[in-house]
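Residues per chain, in single letters:
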Amino acid sequence: MTYSTQLSPFRRIAVRGFRTALPLCMVAVSGCASVLGPFGSDYEALPQEQNSIAQEPMVAVQAKYPESAGTSSLKPLAKPEFSFTEERFPTNNTVEAPTPAANVNPFEAMARNEITQTAFAVPSSNATNSNNSATTFHAAQPRMPTSQAHCPPAAEFTVGASPYVEAYPDEYIFDGGDRDYPVHYHGGELAGLDTEDTIAEFKDENGKNHVKASNRVAVYAPRFGAIRTVAGPGIDIKVDKAAGATDIAGIDSMNERVGLDTTIVNTPASGFAMREGASGIEIAQPAHMARKADSVSQNNKVDQGFESKVATGMGLLEMSTIQEINLQILEPVSSDIKTGFGQVAATSQATQAYATFRLQATVGTEKNGRKGEIHITKEASPLIAKSGDEITFTINFRNIGDYNVHDVRIIDNLTPRLQYVNGTGRIETQDGSGGGLTAVPNREGSQTLEFTLDEPLKGGQSGTITFKAKVL
Amino acid sequence: MNLMKTTAHNIAACNIKTSLPFQLTLRSAVLLTAVFAFGSTVLAQGFHQPLSQHTPPGQAAAWLNYIRQYDANWLQPIQLEVQGGGSLEVYSGSNQSMGMGQAPAIVAVNAGHLYRFRITNLPNFPGADIYPSVELLDRLHPPAGREDEFPIPIVITADDIQTAMNGQLVTRVIYLEQPQFAQTLDPLRREIPQAIPGSENALQEADRLGRPMAVIRIGGRRPSPGSPMEFFGTGGAVQLRELPGVQRPEENQNGPASVQMNSPATIRRVSATFARQ
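One line per chain: the protein sequences are A and B, in this order. Using my numbering, the first residue of the first sequence is number 1, and each one after it goes up by one. Using my numbering, the first residue of the second sequence is number 473, and each one after it goes up by one.
The set of hints was computed from the structure by calculation and includes no laboratory data. Incorrect hints may appear among the rest.
Pair by pair, the computed Cβ-Cβ distance ranges are [claimed, not checked]: (1) B:Asn-545 with A:Glu-189: 29 to 39 Å; (2) A:Asn-368 with B:Arg-680: 57 to 67 Å; (3) A:Thr-392 with B:Glu-621: 12 to 22 Å; (4) A:Arg-443 with B:Gly-557: 40 to 50 Å; (5) B:Asn-638 with A:Pro-169: 36 to 46 Å; (6) A:Gly-423 with B:Glu-621: 52 to 62 Å.
Under the rule of at most 20 Å between Cα atoms (straight-line distance), these lysine to any residue pairs were calculated in the SDA-like manner [claimed, not checked]: (7) A:Lys-386 with B:Val-627; (8) A:Lys-470 with A:Asp-389; (9) A:Lys-386 with B:Arg-618; (10) A:Lys-386 with B:Asp-620; (11) A:Lys-386 with B:Glu-553; (12) A:Lys-386 with B:Ala-616; (13) A:Lys-386 with A:Pro-169; (14) A:Lys-468 with A:Asp-431; (15) A:Lys-470 with A:Gly-445; (16) A:Lys-386 with B:Glu-714; (17) A:Lys-468 with A:Ile-384; (18) A:Lys-386 with B:Pro-576; (19) A:Lys-470 with B:Glu-649; (20) A:Lys-386 with B:Gln-551; (21) A:Lys-386 with B:His-613; (22) A:Lys-386 with B:Phe-597; (23) A:Lys-458 with A:Gly-436.
For glycine and all other residues, C-beta sits at the position ideal for the given N, C-alpha and C.
Please take these sequences and the hints and turn them into a complete structure.
As structure tokens, this is what we get:
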């Protein structure tokens, strides 16, 4: 049984900050070890809204402080597969994620079992000097579910025949991933599908569209061009001046007049009145319309789930320097300052802390399974080719969720140097349901292959698409 | 631009005789014309490219070698093809041949150096021999052990030979195609220029389309007994390699391909390598 709990905006920001401060995401998967990119686009970091639950207002939290500050505990608040995480940060403390030692490669260390996933679930140093509160961390949500049988690489990951793929990309043909502008929906239409892109489009159990990009494959296939130019006395003809051209240079062709009669200076003096006399100087400064607001009239601040309203400054100031109506408001017209919580009963001498989630405040349905999601990987064989060779591409897709996904489309926008070999497309799924293939020309002179599954892809089900392309 | 400046000045000087709207119209027209003319000039030129096919042979390679410090142990294969076939010899820094073979042939050379070839026994041109130069600007990074499968292709056509024998200089810049540019520029390669006028910068055009790899110059110049050694190249290493898929003659199957280099005393490097402190 899992419940979705809505975090306050402040805590949500703190959670995101924690994720941002965690530059590398290590995944330990039983049976295989795979390293994903720091911000893999094909995995969502935290399924915050697993259930479509109509919620009552915030869950109530009763806070007391632990007996010994600085101690922390790991409290799994939900099922591991649900990976519901709940971080509680001190209000005025900045919680930073602990980082591994600088000279330790986390990936290698993880392979040596020196670093595990829970290595990040350590208390922050701020917890020791916090204001009588403890910081409790929980293991971060892995970017790849640990129950996944395969180790799909992230979209940014490139499979190539040489380690110099990224350094010399002009020597390779790329296919897969999400190049340039990310694939997205614009006006309900799929946009951002560049050449080389390979994506899986599907709808989850709620009918929401999703797009997942595959990894990239790099085929070493440099292609050359040549520019020829011929130079010699036979063609070296240079025309410096056309026949009959005449250059006229001289002041007789210049007509210039400089005189004051062409300059009119008009200085507006209206609005300025001055009189000198025995009566003195009279200056009129209409200031009765001056209006000034020095500060925000209202400041709403949400602090630790409680709401306080602070109004500082002058809500309205009308000032006039005219003697007759010299009226200056020195105090705010409306001052409403609340420095305390409106509905909190707190004591600084508390010795214990309890947090109680009033589950009865949450109304909704329970979903124990993971939402439907497709992971897609791409392979190519061979990875070294010349013009005229045929390359076999294999696209593996799998629903890593428990719910079915619908309207599954696998789209591969081939680069112009790859030409689809007609009749080589194949779709195989575990339940035997097939699909269709549509190859349409794209704007770059190649084809866009669109594989469509006939049936919804059930949870845990996988499939394979193979086709051949000729290197041009 | 001088003409435009003069015109604008004349119009400005005559503004007394014309009405204000007419003056503004004229000034705007001249200003817009000048902006567009100048802007198109800047866009057309892009940036100053000091190197071109007209720079002395070997200079571009020497500059790149000086900047990038190419690994002298790496030999980049180039495949020399002559339309109709022929015999070829390769020179590097001296008038002594570094090796000979039959076209097409694969010759592994150093990036950042200039080499001179001699091509004779041309079936379509009896009695003729040409001395093309090959200036290797850059290198490839193929998977280990597959280097010879991806040589830089250098093709000398019959038209090249005929043009050279007529006293003209044929320059061909080989570039590695930039896949991204190839897609956006012309995916079907219908409009990619294969020939440009001699007054334009072929090296800059190749740089626009991809990565310049080599410059081949084919002319009618022949060495004389008094020719300087620079004519024969800058002294890079040379290695004749087997052409993949081509069976070597029986007499050449003994022993591995040999690497020949000039003695240090005869090597004249254009580029300089400084020891790191």
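Hints, one by one, checked against the model:
1. B:Asn-545 with A:Glu-189: 29 to 39 Å: Since the Cβ atoms of B:Asn-545 and A:Glu-189 sit about 54 Å apart, the hinted range of 29 to 39 Å is violated.
2. A:Asn-368 with B:Arg-680: 57 to 67 Å: Because 59 Å falls inside the window, the suggested range holds.
3. A:Thr-392 with B:Glu-621: 12 to 22 Å: holds, 19 Å
4. A:Arg-443 with B:Gly-557: 40 to 50 Å: holds, 42 Å
5. B:Asn-638 with A:Pro-169: 36 to 46 Å: Since B:Asn-638 and A:Pro-169 have Cβ atoms about 41 Å apart, the given range 36 to 46 Å holds.
6. A:Gly-423 with B:Glu-621: 52 to 62 Å: violated, 29 Å
7. A:Lys-386 with B:Val-627: Holds - the C-alpha atoms of B:Val-627 and A:Lys-386 are around 18 Å apart, at most 20 Å.
8. A:Lys-470 with A:Asp-389: holds, 6 Å
9. A:Lys-386 with B:Arg-618: Holds: A:Lys-386 and B:Arg-618 sit about 12 Å apart, inside 20 Å.
10. A:Lys-386 with B:Asp-620: holds, 12 Å
11. A:Lys-386 with B:Glu-553: Holds. A:Lys-386 to B:Glu-553 sits at ~18 Å (cutoff 20 Å).
12. A:Lys-386 with B:Ala-616: Holds, at roughly 16 Å.
13. A:Lys-386 with A:Pro-169: This hinted pair holds, its Cα atoms lying about 16 Å apart.
14. A:Lys-468 with A:Asp-431: violated, 24 Å
15. A:Lys-470 with A:Gly-445: Between A:Lys-470 and A:Gly-445 the Cα gap is close to 14 Å, so the pair holds against 20 Å.
16. A:Lys-386 with B:Glu-714: holds, 18 Å
17. A:Lys-468 with A:Ile-384: holds, 14 Å
18. A:Lys-386 with B:Pro-576: OK: A:Lys-386 and B:Pro-576 at ~18 Å, within 20 Å.
19. A:Lys-470 with B:Glu-649: holds, 18 Å
20. A:Lys-386 with B:Gln-551: It holds: about 15 Å lies between the C-alpha atoms, which stays within 20 Å.
21. A:Lys-386 with B:His-613: holds, 15 Å
22. A:Lys-386 with B:Phe-597: It is violated: about 33 Å lies between the C-alpha atoms, which goes past 20 Å.
23. A:Lys-458 with A:Gly-436: holds, 18 Å
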